[in-house]
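Chain by chain, the residues run as shown.
Protein chains: 2
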Amino acid sequence: MAHNVDRPRRATIFDVAAEAKVSRGTVSRVLNGEPYVSDASREAIERAIEKVGYVRNMAARNLVTQSTRAIALIVHEPHSVFLEDPNIGAILLGTNDRLSESDYQLVCLIIGGDRDSSRIAQYLRGGFVDGAIIVSAREHDPISAAIAQIGLPAVFVGHPSTEPDTPYVGIDNRGAARDITARLLQTGRTKVGMIAAALDRDSGAERLAGFRDALADRFDPSLVIDVPLYSRTSGVEGMRELLRRAPDLDGVFASSDAIAAGAMDVLRETGRSIPGDVGIVGFDDSDWALRCQPPLSTVRQPADLLGREAASVVLGLVDGVAPASLGTMLPTEIAWRDSA
Amino acid sequence: MAHNVDRPRRATIFDVAAEAKVSRGTVSRVLNGEPYVSDASREAIERAIEKVGYVRNMAARNLVTQSTRAIALIVHEPHSVFLEDPNIGAILLGTNDRLSESDYQLVCLIIGGDRDSSRIAQYLRGGFVDGAIIVSAREHDPISAAIAQIGLPAVFVGHPSTEPDTPYVGIDNRGAARDITARLLQTGRTKVGMIAAALDRDSGAERLAGFRDALADRFDPSLVIDVPLYSRTSGVEGMRELLRRAPDLDGVFASSDAIAAGAMDVLRETGRSIPGDVGIVGFDDSDWALRCQPPLSTVRQPADLLGREAASVVLGLVDGVAPASLGTMLPTEIAWRDSA
DNA sequence: ATCTAGTCTGTGCACGTTCACAGAAAATCA
DNA sequence: TGATTTTCTGTGAACGTGCACAGACTAGAT
Chain A
1 MAHNVDRPRR ATIFDVAAEA KVSRGTVSRV LNGEPYVSDA SREAIERAIE
51 KVGYVRNMAA RNLVTQSTRA IALIVHEPHS VFLEDPNIGA ILLGTNDRLS
101 ESDYQLVCLI IGGDRDSSRI AQYLRGGFVD GAIIVSAREH DPISAAIAQI
151 GLPAVFVGHP STEPDTPYVG IDNRGAARDI TARLLQTGRT KVGMIAAALD
201 RDSGAERLAG FRDALADRFD PSLVIDVPLY SRTSGVEGMR ELLRRAPDLD
251 GVFASSDAIA AGAMDVLRET GRSIPGDVGI VGFDDSDWAL RCQPPLSTVR
301 QPADLLGREA ASVVLGLVDG VAPASLGTML PTEIAWRDSA
Chain B
1 MAHNVDRPRR ATIFDVAAEA KVSRGTVSRV LNGEPYVSDA SREAIERAIE
51 KVGYVRNMAA RNLVTQSTRA IALIVHEPHS VFLEDPNIGA ILLGTNDRLS
101 ESDYQLVCLI IGGDRDSSRI AQYLRGGFVD GAIIVSAREH DPISAAIAQI
151 GLPAVFVGHP STEPDTPYVG IDNRGAARDI TARLLQTGRT KVGMIAAALD
201 RDSGAERLAG FRDALADRFD PSLVIDVPLY SRTSGVEGMR ELLRRAPDLD
251 GVFASSDAIA AGAMDVLRET GRSIPGDVGI VGFDDSDWAL RCQPPLSTVR
301 QPADLLGREA ASVVLGLVDG VAPASLGTML PTEIAWRDSA
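Sequence order for the protein chains is A and B.
With my numbering, letter number 17 in the first sequence gets 17, and the count goes up by one each step, no holes.
With my numbering, letter number 144 in the second sequence gets 144, and the count goes up by one each step, no holes.
If you are wondering where the hints come from, they were derived from the structure by calculation, not from laboratory data.
Check before you lean on any hint, since a few could be wrong.
Put simply, identical chains are the same to the list, so a pair is met inside one copy or across any two.
[Stated by the list, open to error] Simulated pairs of lysine to aspartate or glutamate, DMTMM-like, Cα-Cα distance not exceeding 25 Å:
hint: 1; residue 1: Lys21; residue 2: Asp165
hint: 2; residue 1: Lys191; residue 2: Glu50
hint: 3; residue 1: Lys21; residue 2: Asp250
hint: 4; residue 1: Lys51; residue 2: Asp39
hint: 5; residue 1: Lys191; residue 2: Asp220
hint: 6; residue 1: Lys21; residue 2: Asp103
hint: 7; residue 1: Lys51; residue 2: Asp141
hint: 8; residue 1: Lys51; residue 2: Asp248
hint: 9; residue 1: Lys51; residue 2: Asp250
hint: 10; residue 1: Lys51; residue 2: Asp114
hint: 11; residue 1: Lys51; residue 2: Asp265
hint: 12; residue 1: Lys191; residue 2: Asp103
hint: 13; residue 1: Lys191; residue 2: Asp141
Using the sequences and the hints given, assemble the complete structure.
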């Protein structure tokens, strides 16, 4: 019943050496592209490798070199949000591209629950990877602590304020939120609210701060609704509450596009026109933004560049090169459409 | 400039043995939960582990055991589709859950281009994982060939017809497509077309076959539009072409929700009402389905179960247990809403 | 012919485990 | 008590590689 009982013994460096009639030292040299090996030997070895179907045993190599040429990307998201978050995918691909250029392998680890957390901590300690990139970490994340403890080169995407010494790559959430709110105000809005999600994360808190910056002394804390997730459902609930508090509202900043989409549905249901009665802006420039009617004005995040940059930083750390500065901020741009 | 020059030497099993005043053999036994170790030794060793902060060096362990307790999930998707495909995320999470239960680690590998392909093949050969799950493989995929060649336990999600001997887990695309098309016909439609994507993949081809089954002798090949991707844009283009060929069309089967969403926009643009003038059904039950106006009737895939089942199969293979049958089909259900 | 520098190759050791074996100590039985 | 089984422990060998070292061979300069 076994599927592959007789899987043959893998060829080792010794088999290659015997086949090529040289010593394993010489084989090792051509494997690692070192100089000082004669053309005759090199060719014989290359033929032998081909013939016996040799591939390096990475476990053995890792053991002696203490490195793996692999980098972990750790995503900490509850299920529903992981599926909806438009940025995760782009970050993943950007990271993969950059690592691929340096011949590093991306290993993507997902934290679903606490079991995963401790298993992943073990994995990192086990020496499976040379470094780690942590996406959307929460404050006081046990994984972050584990990484700090074992001194694994690591970088955050987004900046959890509880890990002051670990480098991070992110966008200027505060500045971007301020800019798009200011732009919304320029359209002549006078009573502007915010649906603010995930205030326990850096991104959420910063976006709220930016909103407050833009409004300055016109800021009214009662017009900020705190919702748990960056989801459409949160947008629906948040908007209902906001209208309850201020039926004469004429502007909304939603801290994600999904939230904005839910909010727009509520505005329409209650007979308000967009952008006539109420102007609305979002954040992310995801799929949602173009699906809205009218298309949503929003902040475009360079998610793939975020991934690339994070990869570059962590590769630097692996080589012992500290990044130029602890934090790297990537520029955002405003995608101005018809919703405000 | 170096970040962590003085990273301390990791504690080894010898350090623990010395601290606990036993031999490394005994330490190894408690590490692996073997019987025949006295309570006194066990406690001393556990204290010592705690004290010196010992963690197993997995490279060393892998080297001797020839196993890693890690499974690769290989995703082969061009960028745009990866970001849009609603199923990938759920499959990922389902797989992660199941592996987590058996204390295996999920390692997620993304194939962007050919460079990635060969690097990942090397990775698999290098013995980093004990098995592999391949999602949305194309026919004649080089990775599939590599896996077959090295005899790595593997399972496909979806069934690429070029690998007849490798087990797979999937849904009955053909049956589901037939059922939902039949249901569409029951609403009294007489001229029904299809926007068919990814015919080079198993899923695409099977959905078309199911559509044909349902129409039987009413099937008209000129009403099938072949589009490249499961994307909204493809839906827009496909629908335009379909209307050009048959302006009096009254039903559409779109082979994904994203395609349906694009198609619905075109139908509305051209002044057709849904479901009055034209009934439309999709496939996937993704975000798109509920965002449509009216909400889309579609086929719900148990994507997370697909992931779980694939994980179970591959774990079985790793233990030398062949699956009950080569292919496992998971049931789908129809989510019937207002679009038809 | 001798010395020196450069090129090439083989060998021993280390990396940190697991596993098989052998032997000691304790417990059970005759 | 001695013989046997059971429980416990230590030791040597292996896993497959990279690296440092030493030595051999070649070529050029004196």
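Indices of hints not satisfied (ascending): 1, 2, 3, 6, 8, 9, 11, 12, 13
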